[in-house]
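Visitor: In the order they appear, the protein sequences are chains A and B. To convert a position in the first sequence, counted from 1, into the numbering used here, add 4. To convert a position in the second sequence, counted from 1, into the numbering used here, add 1.
Check the hints yourself; a few may be wrong.
[Claimed, not checked] Some chain B residues judged to face chain A by a derived CB distance under 7 Å, without partners named: (1) Ser-33; (2) Leu-35; (3) Leu-44; (4) Gln-85; (5) Leu-93; (6) Lys-98; (7) Pro-114; (8) Ala-115; (9) Ser-116; (10) Met-135; (11) Leu-137; (12) Leu-138; (13) Tyr-141; (14) Leu-176; (15) Phe-180.
Note that these hints are calculated values from the structure, not bench results. Note that beta-carbon positions come from the ideal geometry of N, C-alpha and C, so glycine has one too.
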Amino acid sequence: MHIPDGFLSARVAAGSGLIAGLGVAFACARVRTTGLGSRRALLGVSAAFVFAAQLVNFPVAAGTSGHLVGAALTAALLGLPAAIVVMAAVLIVQCLAFGDGGLLSLGANVLNMALVSCVVGYAVDRLACGKNPSPTRRVAAVAFAGWCATVAAAMSCAEQLALSGVARLRIVLPAMVGVHALIGLGEAMISALLVGSVLRLRPELLTRSGVNHSRSVLGSGLGLALVAALLLAPFSSAAPDGLLRVAAQLGAHAPASSGIHAPFAEYTLPGLGTGVLATVLVGVCGALLIFGLCWLFALLVVPRRRTPAAPERASSPIAAE
Amino acid sequence: MLGSPLPVRRAVARASAAGKCALTLGVILALSALPVRHAPFGLVLLPALFAAARVAGLKLRAWLKRSLLALPFVLSVSLLGLFQPDGGALFLAVLVKSAVSVLAVQLLLQTTPASDLLRTLRRAHVPEILCSTMLLLQRYWSLLADEAARMRRARAGRTLRAGRLELWRAQGNALGLLFVRTVSRAERVQAAMRARGAP
Numbered sequence: 005m006h007i008p009d010g011f012l013s014a015r016v017a018a019g020s021g022l023i024a025g026l027g028v029a030f031a032c033a034r035v036r037t038t039g040l041g042s043r044r045a046l047l048g049v050s051a052a053f054v055f056a057a058q059l060v061n062f063p064v065a066a067g068t069s070g071h072l073v074g075a076a077l078t079a080a081l082l083g084l085p086a087a088i089v090v091m092a093a094v095l096i097v098q099c100l101a102f103g104d105g106g107l108l109s110l111g112a113n114v115l116n117m118a119l120v121s122c123v124v125g126y127a128v129d130r131l132a133c134g135k136n137p138s139p140t141r142r143v144a145a146v147a148f149a150g151w152c153a154t155v156a157a158a159m160s161c162a163e164q165l166a167l168s169g170v171a172r173l174r175i176v177l178p179a180m181v182g183v184h185a186l187i188g189l190g191e192a193m194i195s196a197l198l199v200g201s202v203l204r205l206r207p208e209l210l211t212r213s214g215v216n217h218s219r220s221v222l223g224s225g226l227g228l229a230l231v232a233a234l235l236l237a238p239f240s241s242a243a244p245d246g247l248l249r250v251a252a253q254l255g256a257h258a259p260a261s262s263g264i265h266a267p268f269a270e271y272t273l274p275g276l277g278t279g280v281l282a283t284v285l286v287g288v289c290g291a292l293l294i295f296g297l298c299w300l301f302a303l304l305v306v307p308r309r310r311t312p313a314a315p316e317r318a319s320s321p322i323a324a325e
Numbered sequence: 002m003l004g005s006p007l008p009v010r011r012a013v014a015r016a017s018a019a020g021k022c023a024l025t026l027g028v029i030l031a032l033s034a035l036p037v038r039h040a041p042f043g044l045v046l047l048p049a050l051f052a053a054a055r056v057a058g059l060k061l062r063a064w065l066k067r068s069l070l071a072l073p074f075v076l077s078v079s080l081l082g083l084f085q086p087d088g089g090a091l092f093l094a095v096l097v098k099s100a101v102s103v104l105a106v107q108l109l110l111q112t113t114p115a116s117d118l119l120r121t122l123r124r125a126h127v128p129e130i131l132c133s134t135m136l137l138l139q140r141y142w143s144l145l146a147d148e149a150a151r152m153r154r155a156r157a158g159r160t161l162r163a164g165r166l167e168l169w170r171a172q173g174n175a176l177g178l179l180f181v182r183t184v185s186r187a188e189r190v191q192a193a194m195r196a197r198g199a200p
């Protein structure tokens, strides 16, 4: 799924690059603050592992083979910020050393395969794992996360190609998602086998001592909501909903305005008007606004409890997030 | 060295990586700005690219062969353009733009060592964590790739049945073992770095 140069328009490449740059910068800052930055060797050698693992081919059929991509797997093994840094490093080196993926489209590739893949993979893995998962559940969660991450990255890629005018969304999206839904099965299987093997050999590498589970779930949920707004908002139908349609059929007309000034009236952004970009940005703003309001409401309503200090648990060399 | 460039003339190889990068990006931007019906004009850049490759002392055949690696993706996505109005022009435009862009990028990569490009990123204030991760990746990927190859050979020597499911299981286990060894290696490398005064 490495997009070569010549496909994306300058605007789409720049926009994707900006989002990717901000995401990776945030991940780097987060890695430093969680202390994983002092374990640079782990990040670097893990990136080398992902690079090397991508060279291992698994036979599929009729002379074809597949290979691991590893975004969701890396997120499950190292945590989200470290996984984003590792995958971004792999993609940049693949571009600069092997020409795998374009120079101008590097930002888009990082957005698809480092940010979207890792966020979706991590969120699905965290949500599916729950607290203290059994080995079977752990393996199933990372497998499902791998599949979801592959499909999400394909959707993001399809949108970028459609926004660049290379092909219509209703053609490129089913093509990309259809193919990658199958490729995602391979990713799921390889991830499951790998995690199963690690669970047998060194299970402590997959436990995270002291993880705040509720924060992990909240972050995962917010991440999924933002990715959904980013990827799914462009597909929103412009057709009227059921109520407006019935009203139109009966000859009734909605009033011109409700009298309240809405900043994002009709899901448009002042200055950007209508269009895919405005819809996506409004979706993202809406998701953040609602999350913020719910968080505030929870802070006001839910009484705080003092929890006893958690007992010490064996720590893994991979730092908790 | 990762993706070691083909034999090139020293002057071209020693030229500023940032300058070569900027020039390549300029070419790609110029191509992407061409409207669909004027995209075939992008082919005028081909003689310039070939001339630059000759000056750099690149073997043309090898340069073109590496550029062809992107062909499957280029063709498969370009073909999607045929399914819309004026699809022929769109198909040709995407094909021309991506083909010329890929040649330009390969020319850059074959005339510039990857380490120079990574140093350019560092000077461009890319976060230090990301830079050090890339440098360590460059240092250790071949070691891990060799280890993966040795494990594959050992597995092949010990596996009598060659069914697909067994192969997948064996290679998945091998990757899991490789990850465990990766973490152990990382711990040793970190200890060595700290012993040498790294933070």
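Visitor: Hints first: check each against the structure and report whether it holds.
Guide: Quick rundown of the hints versus the structure:
1. Ser-33: With a closest approach of 5 Å, the B:Ser-33 hint holds.
2. Leu-35: Result: violated, 10 Å to nearest chain A Cβ.
3. Leu-44: Nearest chain A Cβ about 12 Å off; hint violated.
4. Gln-85: Nearest chain A Cβ about 5 Å off; hint holds.
5. Leu-93: Since the shortest Cβ distance to chain A is 12 Å, the answer is violated.
6. Lys-98: At about 4 Å, which falls below the 7 Å cut-off, the nearest Cβ of chain A leaves the hint on B:Lys-98 intact, so it holds.
7. Pro-114: violated (9 Å)
8. Ala-115: Holds. Min distance 4 Å.
9. Ser-116: Status violated, d = 9 Å.
10. Met-135: holds (5 Å)
11. Leu-137: holds (2 Å)
12. Leu-138: Constraint on B:Leu-138 satisfied, holds at 4 Å.
13. Tyr-141: For B:Tyr-141, the interface hint holds, since the closest Cβ of chain A sits about 4 Å away, which is under 7 Å.
14. Leu-176: holds (5 Å)
15. Phe-180: holds (6 Å)
When held up to the earlier numbered hints, the structure conflicts with 2, 3, 5, 7 and 9 and fits the remainder.
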